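Starting from the given sequences, assemble the full structure and let the hints guide the process.
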Amino acid sequence: MSTPSSNKSTMRDALTKPQGFRFLGLDFDSAIKYFFGGNAFVAVVVLALITIFLFKEGFGFISQNRRNLQVYRQAGLEYVDIMRSRMDAHTKLGRQVNAARLNLFKDLQKQGKSLDEINAMLAPLDEFSGKFSDAAETLRGLVSDYGDAAATIKQSASEIQDRLEEKEMLIDAGKRDQAEKVVVPVIDFPSARKVILDSEPQYAELCGAMRSTLIALINTPNPGYEMIPLEVRSRFKTDTLAFLDYLDQGKSELTAWNPDKPVGYLDGLASFLTHPEWLTASFWQDWYGVIPLFVGSLFVSVIALLLAVPLGVSAAIYVNQIAGNREASYIKPAIEFIAAFPSVVLGFFGVAILGETIRAISGWHFLSWISFFPIAERLNATTAGILLGLMAVPTIFSLAEDAINNVPVHFKEASFALGASKLQTLVKIIIPAALSGIIAAVLLGFGRVIGETMVVLLCAGNRIKIPDFTEGLGAFFQPVHTMTGIIAQEMGEVPSGSIHYRALFMVAILLFLLALGINFLAQRIVRRFKISIG
Amino acid sequence: MKTTKLVLSILASLSVASVAHAGKVVIKGSDTLGSKLVPQLAEAFKAANPDTKFEIAAEGSTTGFAALIDGTADIGMASRRAKPAEISAATSKGLNLKPTIVAYDGITVVVNANSPVKKLTKQQVEQIFTGDVTDWSAVGGAAGKISVYTRNTSSGTYSDWKELAMKKRDYAPSAQKLAGNEQIVAEVAKNPNGIGYVGIAYSHEAGVHAVSVDGAEPTEANVKSKVWPYSRPTFYYTNGAPAGEAGAFLNFTLSPAGQAIVKQVGFVKIN
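Chains as they are written, first to last, in this note's numbering: chain A, 1 to 534; chain U, 1001 to 1271.
Hints were generated in silico from the structure; no laboratory data involved. Just so we're clear, the structure is a prediction, and the values are computed from it rather than from any experiment. Quick reminder that beta carbons are idealized off the backbone N, C-alpha and C, glycines included. Do not take every clue at face value.
Said to hold, decoys possible - Here are the computed distance ranges between Cβ atoms for each label pair:
{"id": "1", "chain 1": "U", "residue 1": "Lys1190", "chain 2": "A", "residue 2": "Arg95", "range": "22 to 32 Å"}
{"id": "2", "chain 1": "A", "residue 1": "Phe348", "chain 2": "U", "residue 2": "Pro1229", "range": "12 to 22 Å"}
{"id": "3", "chain 1": "U", "residue 1": "Lys1190", "chain 2": "A", "residue 2": "Asp88", "range": "31 to 41 Å"}
{"id": "4", "chain 1": "U", "residue 1": "Gly1094", "chain 2": "A", "residue 2": "Ala40", "range": "26 to 36 Å"}
{"id": "5", "chain 1": "U", "residue 1": "Pro1229", "chain 2": "A", "residue 2": "Asp88", "range": "32 to 42 Å"}
{"id": "6", "chain 1": "U", "residue 1": "Gly1094", "chain 2": "A", "residue 2": "Phe348", "range": "37 to 47 Å"}
Spelled out as C-alpha cells, the structure:
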C-alpha cells in the first residue's frame, strides 16, 4: 500500500511547493491571481465607462429638448396648436361620415353594383361630406396663415442656432477671424409674435360662423345626410355638438395662453416620457415622445412571451421530470440549439417566409369570418413576436430546468412516501417549489426579448403609430415600432450631438434601466422565495 | 507558429487595402442614384479604365453629405440640395460643396397592379400621404385601408416628397418607412392596398402601376417639361471641381455615353 501514499505526497508537493517560475517579479500563483483580478477589474471599468457615456450623451437631451420646447412656445407655435387641435377634431369628426360611406359602399358592392354606379349613388352623401368639410375652410385658412407666421419665427430662431453652431465649429477648427465674421441675427420674440396674438378676435368670429353652418347642416333635412343610418347619424349629431363646445373653449384657452411661462428642465424630460408622438424632421415641431416605441416594444414582448412561456416551461418540466434519459439527451441540445441561430437569420426568415405565409393564410376564404382578416401588412407585431418568442424559448427553458433541478430530491421522496402519484407530486410539490425560479426565468426571457434588435427591425413593420387597440385582436397584426428598432434605424442618419441623436440615447438609457430593473427583480424573486434546503 | 502566420497575413491584407485606396473612387449617398444608375455607370467606366476601383454605398442623401464632410467619400450622390446646416458644416472644415446635376428624376406614385385606381389628383395624393384620407373608396377605389409606404428619414426623396407633394406637411403616423426604392416596389407589389413613391426608374417593375396625377402621365417628356408635378434634379456633390479619377468619372457621367446609360436605366437625360 505504499504506492498510493507516495502518489499523494507528490501531488501535495506539486500543489504546495513554491515554483521556480517568475514573471514580472511575480511567482506563478500571484501572477494568476493578478491576471484574474485584473480582468475582472477591466470588465467593471469598461462597463462603468459605457454607463457614464450613455448617461452623459443622454442627459444632454433634456436641456436641448427644453430649448426646443421654449422655441415652440416663444415662436407662438403652441398658440397656433390650440387652433390646430380644433382642426384635427373637425377632421376626426368627418371620418365618421367617411366610415358611414364605407359601410354603404360595401353593402352596395355586395349587391353586385359596379364602382361607377356606386359612386353615382353615393354622390349626395359626398356632397354632404364636402359641405361638412368646407365649413372649416375659413378657419383652416386662418390656422394656416398664422401657422406660417409662427413657423417663420421659428425658422429665424433655428437660424440663430445654426449660426451659433457654425461659429463654434469655426472656433474649434482654429479659424477665429472667420468665426468673428459670422453674423448671428437677433430676434425680438414679443413683437414678432404680436401678429399671431392678434388672431384671437378673428378666431372667435370664425367660430361663430362655423357654429351656425354646422348647426344648419345637421338640423335641416338633406338627402345626403339622410343616407347615413339613423343610429350613426344621432351619434354624429351629439359629437358635432360636443365639438362645437370644444371649439368655443378654444377662445378661453387662447386668452389664457402665456408665452412667457417658463419651460423647466423637468418639462424637457416629461415631454420625452409622456408625449404620444415620435415625430422627426417635421415642418412644424419635432416631438421625441417615447410612448409609441415603449408600447411597441412591450406589445411585441408580450406576444413573444405568450408563445415562449408555455413552450419553454413545459419543455423544462417534461425534460426534467417525465422524459427518460435518452429522450432528454436529444431534446435538451435541440432546444438549446435555437439560441445558436443568428438573429439576423431569423429576421430574414420572418421577412421572406413567415410574414408572407401569415398573410397568405389570413386570405383563405374559410377564415373570412374573422373581422380583421385578411391582414394588410405582412410585417407586424405578430410576425416579430413569434420569432422573438422562439428566441426566448432556450433562455426560459434552461433557467426553468435549473430551477426544477434545484428542488431537493427528498421533497419528491417524501411525497412518494405519503402515497402521492407521480403527477400529483409534480403538480403539487415540484412545480410550486420551483415556482420562484420559473418566474425568474420568465423575467429573464422578457429581458432577452425586449433588448432584441435585428428581428424587430426587420419584421415589426416600423410604423410609429401606436396600434389601434380598439380593433381588439386585429391590433396584433398591425405594424409597430420598438425602442431597439428606432435606435438601429435612425442612429446612422443623425448628426452626432443633435437633439435627435441625444433622443436616441435617452431611449437607450430607458432600455438600460429596464434591463437593470428586470434583472434586479428576477434576483429578488429567486432570493425571496428560495425554499430552504434543510 | 500558426498565430504568427495569421498575424502576418492580416497585416499583409491591410497594407494591400491601404495601397488600393489610391486608385479608388468612393461614392456615397442617395439610394435613388446609388442602387442602379451609378453602379452601371461605374461598370461602363471600368470597362474603359480597368485600373479604377469603385466603392459605392447608397444609404440616403444625408449619409452622402456626412461622408463628404468627414472626408470619407470623393463624390456624394444626392437627390436633394444640401441644407444650410450641411453647407456651413462643410465650410467650417474648409470644404466647398459643389453640386453638379447629373440626371433628372420624376418621383412617381405607384400602386398595386391590381388596384382599380389609375389616376389621382394632386390633392388626393397629399391627402393620402398626410393621412387625411385612409380608405381607398374615398379616392375612387374599392373599400380597403390604404397602406402608405415612404422612404426613411435620411432619404432625399423623403424630404423632396414633403416639398413637392405634401405642402411640407408631416407624413401620416401610419406610414411605414422603408430603406429603399426597391423595397417600396416590393411591398406595394405584394399589398393590394399599398401605395408608395419611387424614382421614375423604379416605376416600371412588375406588380406595380404608376398612377397619373392631375391627368399627367409620368413619362420622360413630362418630367423634362415639368408637366409632371413631381420632377426634380439629382446631383453629384464634390469638394470643388474634383480632380483625378473622381473628376474623370464625373465627366464620364455627363458625357453622351454616360447620359445614354442614364436614359437606359430610366432616368431623364440632362440635355
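Structure-based check of each hint:
no. : hint                               : result
1   : Lys1190/U <-> Arg95/A: 22 to 32 Å  : holds, 27 Å
2   : Phe348/A <-> Pro1229/U: 12 to 22 Å : violated, 38 Å
3   : Lys1190/U <-> Asp88/A: 31 to 41 Å  : holds, 32 Å
4   : Gly1094/U <-> Ala40/A: 26 to 36 Å  : violated, 47 Å
5   : Pro1229/U <-> Asp88/A: 32 to 42 Å  : violated, 27 Å
6   : Gly1094/U <-> Phe348/A: 37 to 47 Å : holds, 43 Å
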